[in-house]
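Peer 1: Make the complex out of the two chains shown on their own, each in a separate frame, by following the hints.
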Amino acid sequence: MYAWTGKLLRLDMTNHVATIEDNKYAKDYLGGMALANRVMYDEVPAGTGPQDDASKIVLAAGTLAGTGVPCSGRTTVALMSPFGTKPLIADAHMGGNMAPNMKFAGYDAIIVEGKSETPVWVKIEDDKISFEDASDVWGKGTKETTQILNDKAGKEFTVCCIGPAGENLINDAVIINSMSHAAGCGAGSVFGSKKLKAIVIHGTKSVKIAQPAKMLQLQHYQNADLIGANNNHVQPANQQSWNEFVAPTRWQGGPGKEWGEGIGGPVDTGEQKPGDINAVGMRNNTINFFIGNDDVTYKHTIKNTGCHSCPIRCYPALKIDALEPYGTQYNQATCMTMMRAGDWWGSENIQNFNPDLPFGECLLALCSHMEWVMDDLGIWCGYGDLDYVFSYCMKNDVFKQKLSEEEYNSIPWDKRAAGDPEFINDILHRIAYAEGEFGRVMGMGSLHTAEAWELPDSFWNEATGIYFMFKKGFIRHHSSESFGQVGGLINICFNRDPMCHTHQNCLGNGLPYDIRKAILEEKFGEGCADNSADYSPMNPNKAKFAKWAVVRDNLHDTLALCNWVWPMIFSPLKERGYKGDLALEAKMMTAATGEEYTEESLDAYAEKVMHLQRAMTALELGSNNLRKDHDDCVSDWVFDREPDQAAFTPGTTKLDREDWQKALDEFYEAWGWDVATGIPTRATLEKFGLADVADDLEKNGLLPA
Amino acid sequence: MPRKKKTETPAPEEKEQAPIPQEEQPEIELTPEERAAQAKERLCQAMAAAIRDAAKKGKYMKLTEISEVLEADKTFALELLDEMMALPDYEDLRMYKSSKDRYYYSYPTIANNYVRGCALAEEGNLEGIIAEVVRYESKRYPRATIIDTFTRFPYHYTKEQVKSMLAVMEGKKEYGDIQTYTSQKGNLYIFSTNSLTPQYAKALVEIGEDVKQWF
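Protein chains in written order, with the working numbering: chain W, 41 to 745; chain X, 865 to 1079.
This is chain X alone, in the form it adopts within the complex (with noise of 0.2 angstroms):
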């Protein structure tokens, strides 16, 4: 009769070691500068999240908001954000300054020029406003400024404060570039002579107006 073949024992399986959950893992001695690294790097990522998180939601966060919502000095916050802003785990955050606050979104999820809008608008200045915005147009696009522009969101003044604006500015030598065109629709634009000749504006403006060419 044939010997059984010995069967052998299989021998124990390795089991993979399941990861130690943080909170048993044994304390690890940190020094009083790694334990400050680490809480900065929590706080940069609390800040981080905080502003993604409004961004989702359309918004942006001003520096008052943010050292509010950390409970932060402000100074502290601002250091902290100007920090970490430069590494490359933030580089989706930008800030905008202007001259009440600073304001700080993520981009692209939320726009350069809306910042800026929201920013200039919450200023209130409307000589420097519409200085700013007739510029950035006149270069950018580039096309004159129908004077609805200031009307609307972000900015929210009426035709007659506008005009009325333009009148003051027309007298200030820093002004000289921002010159006016009604339309034959009657519409009043606003452009920049650093980037549009007159004729040039003129031309965008009707072309622009003449709804026959858009349909």
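Only chain W is shown next, with the shape it has when bound in the complex (with noise of 0.2 angstroms):
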């Protein structure tokens, strides 16, 4: 068997067995997302709780994972969202090198069902698996809990753990595999119910791959001619001597910017011209892109690191001698992680930190202190949800209104005023231990937050750019913001941030508006792709666009491939006029299996996952009307914002009311979804071989007539 390993390891935590299982999945669903969204199907009833005793937790590798493939290094996790009124399905990802190490070790996922008693880590080496005590280890920090299990096992093992705020079944938990990697969406609590402190996995078999010439010039092309940096980001933010354009993009490596920390002396990223594979991993740096402050990251940067068979290295490994006395100098850490210090001690207290250095430096060394301290304790920050929580409590004066006197004043905000990473120290500790009405509330997610403390409705419909659905519990990524209403529809499908970035990557990637729209309109046709804050009424187009991002993402999630640098929708290489190489999935796919694949063909895997989904989330919310229930609810600021303005006019990104439910309709006529209900029909069921889920659907009353 070619790229799959055919077997499935269930790990049965009530009674410490493991049994290895055919992956019976294989040949209708892939892998990854695909595959771990039917076994939940299969195995998990509708209402099931994450952290009931009936919950699972599915680990998938993608088809590609351990092939070389770039950035196939992603592992899907399917689970019980904890995050809306109901629990419902939910993926979570996480990068590093789980799953690759899944598929050396034998395996395409791993289904983690049942309770333990007491504390475990579960130690994989190929066909040995055992569970062990991890009484010395429950307690401790992902990065001590990492070591230490490290050291036991051996350093060649990928450690996959929670932290304390898993195991104290906080929702805003992770878990986080080789230090930094984490996946959301509740899934440290899901581990954290079952005591199952961590996964350790080794392997020593292959991935075997039926056309490895094929593969590696596949790869080479792909390095040389049509990546470039995270995000899809193909021209730099530098002006080098190849490139025509120039843009704020990830892209920030270039003549004289320096790893100014690198082993044995600065390191300059130097020029990064397309075909130049080598240099490929000189080109990101993404929280320079945040944090740029006259290049404050790369300073602090010792190397560019990343997930398990990936060029591109998104994230800088940093050294901030400032950190010292909190133990926290070294860190890696990418993108979002790197953003709230703003949001935690207020952008007015940044500079407090150290007021000899410059402000750019203070910012770092707060995001990077409280990124380290996040990753340690195990806790999600939502993408936001939970730093827009904080700040929206700071300014709301909530915590004097919801707290005792006496917890209120234990908090130290004269910390937080000082610009001192204890205050951090402090807070975060209270929502991993869930200490007080302050940790109880913090890390339920913000449906859940804003339901305790009562918060007015103004919370989410004033959150503009922040939830771009009212009540929901997960913040926009991305929405309305990124194509008007292409991004707005893109938010409805799933249920949680959506986390895709098909879309999103082609908004900023460096090109000019006119060189993306041509690429886009050759694919979804004309006025498919607006540009930014000028937007035009909804058209079937722009449906399509919509459609086939959900798709791509959910592919990626399949395979699993990096949606933050897949698809090659854009080329650096204006030899090729930009354009990438939309069927390079299908033809990976091909070399690696040894089976047929088309764009098409691929791609209707991966639309097939989102009705399965789509009709699980019905059975979920027991709802036969998934339009009025869970999709045709955005908030006010999405269609009200910049009042004196109106919609489709140069200048704003806000939507028109009457507009969004003709997009809505044309959305759902794309995906062969009932328009009135937006539930899959029975004929577009069936014609994805999900029969048996219309069958089921029908017996609950939900499917549409």
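Keep in mind the hints are simulated off the structure, nothing from the lab.
Virtual Cβ for every residue (Gly too), placed ideally from N, Cα, C.
Do not take every clue at face value.
Claimed, not checked - Straight-line C-alpha distance at most 20 angstroms; calculated EDC-like pairs for lysine to aspartate or glutamate:
#: 1; chain 1: X; residue 1: Lys1003; chain 2: W; residue 2: Glu284
#: 2; chain 1: W; residue 1: Lys313; chain 2: X; residue 2: Asp956
#: 3; chain 1: W; residue 1: Lys727; chain 2: W; residue 2: Glu738
#: 4; chain 1: X; residue 1: Lys961; chain 2: W; residue 2: Glu284
#: 5; chain 1: W; residue 1: Lys245; chain 2: W; residue 2: Asp62
#: 6; chain 1: W; residue 1: Lys339; chain 2: X; residue 2: Asp1012
#: 7; chain 1: X; residue 1: Lys1049; chain 2: W; residue 2: Glu388
#: 8; chain 1: X; residue 1: Lys1037; chain 2: X; residue 2: Glu996
#: 9; chain 1: X; residue 1: Lys923; chain 2: W; residue 2: Glu284
#: 10; chain 1: X; residue 1: Lys921; chain 2: W; residue 2: Asp316
#: 11; chain 1: X; residue 1: Lys923; chain 2: W; residue 2: Asp316
#: 12; chain 1: W; residue 1: Lys64; chain 2: W; residue 2: Asp52
#: 13; chain 1: X; residue 1: Lys1066; chain 2: W; residue 2: Glu682
#: 14; chain 1: X; residue 1: Lys921; chain 2: W; residue 2: Glu311
#: 15; chain 1: X; residue 1: Lys1049; chain 2: W; residue 2: Asp383
#: 16; chain 1: X; residue 1: Lys1023; chain 2: W; residue 2: Asp334
#: 17; chain 1: X; residue 1: Lys920; chain 2: W; residue 2: Asp316
To be verified - Just a few of them, taken from the derived set where beta-carbon distance is under 10 angstroms, the chain X residues facing chain W:
#: 18; residue: Lys921
#: 19; residue: Tyr924
#: 20; residue: Asn977
#: 21; residue: Val979
#: 22; residue: Pro1018
#: 23; residue: Leu1060
#: 24; residue: Ala1065
#: 25; residue: Trp1078
Peer 2: As structure tokens, then:
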């Protein structure tokens, strides 16, 4: 068998029994998201809570994990999300080294079920699986846990563990592998409910490739001709000798941009011409993209790190001496994780960290420290959900209102004002350990926090650019700020923030709008892609673009490829007209498996899992009208921002309510969902081999007529 | 006893003639015009090779440099370059003319905008640089230009210098389209109303600076 291992590993946490079984899902679901969602559908009854006895969590490697395909290090984690009004199916994802090691050990997926009475960690070395006593690591942070378990098992093992947040069943808890690659959406609390401290895995087998020479050629083609930097950013932020365009992209490298803490001395990242595959790893510096005040991040960069089999290396490894007193001077992180100091300390207090340092140094230090502590405690930020809740509560004196005077005064607000890193140590500790009212409520996720503290509807409706969906408990990622209706429609599909970059990557990749527009219109038709803040009314081609963006996102989570880098819509090469290759996934699947895939046939698997997840959502909500109960719940700011300006005029990203209804109609039609209810029809479900799911919906009175 | 069949002697194989090295070829009598044309062709090839080699190293060549390398008169080199760049064999070669020099480069190995930027920087006319870059970016991307653009390669001015120049430009009719906007984060942007309305420029700036948009 090529690409797949053909096996699943089932961990019975109740009885401490591991079972290896045949992977019956490979042919019809491939792997990753599709496989994991089908397992959840088959084995976890609708209505099961994430921490219930019947709950399971599925860690699924993609078909291409372990094949060496660029950016194939991701693991999809399917679970019941705790963030909504009812438990709903959702996927989390993490990079790092987990999925490839699963494949090398011989497994396409790991299914975790049941609950252990005592804390354990599971050691997996090929076919040898053992449940080990975790009492000596239970209670420890993820960094110390990883070190201890690597010492016990061997440094070649990948440790995927939880911190105190997961142990204490906080909703905002992650599982984290290789020290800093996390899967959120409550995955940590599911592990914690099963008393599973860690999975520690190493494999010595190989993943077989059907056409190795072809695979190598395709990988070289991708690295030489197609790949840019993170987020498919294909033009640098600095003028080099070869690039026509310069834009604020994640491609931050260039002559004079030095890794200031490089081993052996500063390392000049130099020119990174397309075609020079050895320079691909010098291009990115995601943190400098966000905290680039006079290139302060470069000054503290040791090198770029990242996931297995990824040439992009989007995690700068940092050394910040000012954090040595706090024990956090070494860190590695990327994007969102490094932007939160302003929310927590307050922008006005950042400089107080050290008045003798430039502002950018203070900002970087506080952001990095906070990220280190969050990772160690195993706390999930919800991509800004937790940050917004905190900053809202600060601004509106919610803490003063909801905490007892004693508890409120016990919080070291003076350290906050002083820009002291120890402020965040205290605050995050309370969240990870659910201490006091503050800790109990803050880690619940925005919907439950808002309910617990009776926050007004304005918390959602005025959270401009934060919550696209009203009272859903997840932030936008990325919504109407990204191609208007296209981004908005993408946000209604899932039960968490979509983490869809297929469309977002088309927005700020460095190329002028006319070039991006032409390439997108070639695929989806005229009018599919508006320019930033210059939107037009809805049309069917926008629905095509939105649907394809979701399908490709799902495909990447199925294969599993990093949707921050894939698909190759654009290329850095002017000789190609900056056009990428959207059939590359199919070409690589063909080379890996030996079976013939086309762009269309491969996308069909990804479309299938959306229909499945949609049906599962209907069953879990008990809703025969997802349009009303799930989708058409958009926050007011989406339509009411910039009140002096009309929608569809240059200078605003606001949408129009009536136009939004048309957008839903056309989107549902594109999917084959009933327009009135937004639920897949029987015809659509049967077309994708989901007749049994249609029967299930019908049995429950939820199938559209 | 049967007669032995006479073995036929195979015909000698026609050996393929090896090409005669050029230096051994009999000298063909060239006319003066033909000799001149040959010399000119060799000079063109040498110039093209020099420009292409420079491109591989990420560089362009100025007319001054080319004429020095070839030990040729600048005017002669210019005429020859103009002539050869019209020929299909040299269609990758391009030229950018500034007030100070001519810049020759091989495209697409070297970017048009790279050469233009370097040439503008060498001209050192900050007023002209601001106007050209801002009008270009407002039209091409479209976007407003952050002031930091002029502090980086290839320009390397200080923000104070740029701000001072903007104050000078404000009073000049020919720069009536050049306007500024300070973002909510306090960054100064410059844009041209030839291509962007103030409202649209402002929206693009604020969207671009909203970091949560970009993770």
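Peer 1: Taking the hints in turn, state whether each one holds.
Peer 2: Evaluated hints:
no.	hint	result
1	X:Lys1003 <-> W:Glu284	holds (15 angstroms)
2	W:Lys313 <-> X:Asp956	holds (18 angstroms)
3	W:Lys727 <-> W:Glu738	holds (16 angstroms)
4	X:Lys961 <-> W:Glu284	holds (18 angstroms)
5	W:Lys245 <-> W:Asp62	holds (17 angstroms)
6	W:Lys339 <-> X:Asp1012	holds (18 angstroms)
7	X:Lys1049 <-> W:Glu388	holds (13 angstroms)
8	X:Lys1037 <-> X:Glu996	holds (15 angstroms)
9	X:Lys923 <-> W:Glu284	holds (14 angstroms)
10	X:Lys921 <-> W:Asp316	holds (13 angstroms)
11	X:Lys923 <-> W:Asp316	holds (17 angstroms)
12	W:Lys64 <-> W:Asp52	holds (19 angstroms)
13	X:Lys1066 <-> W:Glu682	holds (13 angstroms)
14	X:Lys921 <-> W:Glu311	holds (10 angstroms)
15	X:Lys1049 <-> W:Asp383	holds (15 angstroms)
16	X:Lys1023 <-> W:Asp334	holds (13 angstroms)
17	X:Lys920 <-> W:Asp316	holds (12 angstroms)
18	Lys921	holds (9 angstroms)
19	Tyr924	holds (8 angstroms)
20	Asn977	holds (5 angstroms)
21	Val979	holds (9 angstroms)
22	Pro1018	holds (7 angstroms)
23	Leu1060	holds (9 angstroms)
24	Ala1065	holds (9 angstroms)
25	Trp1078	holds (6 angstroms)
Every hint, counting from the list given before, is met by this structure.
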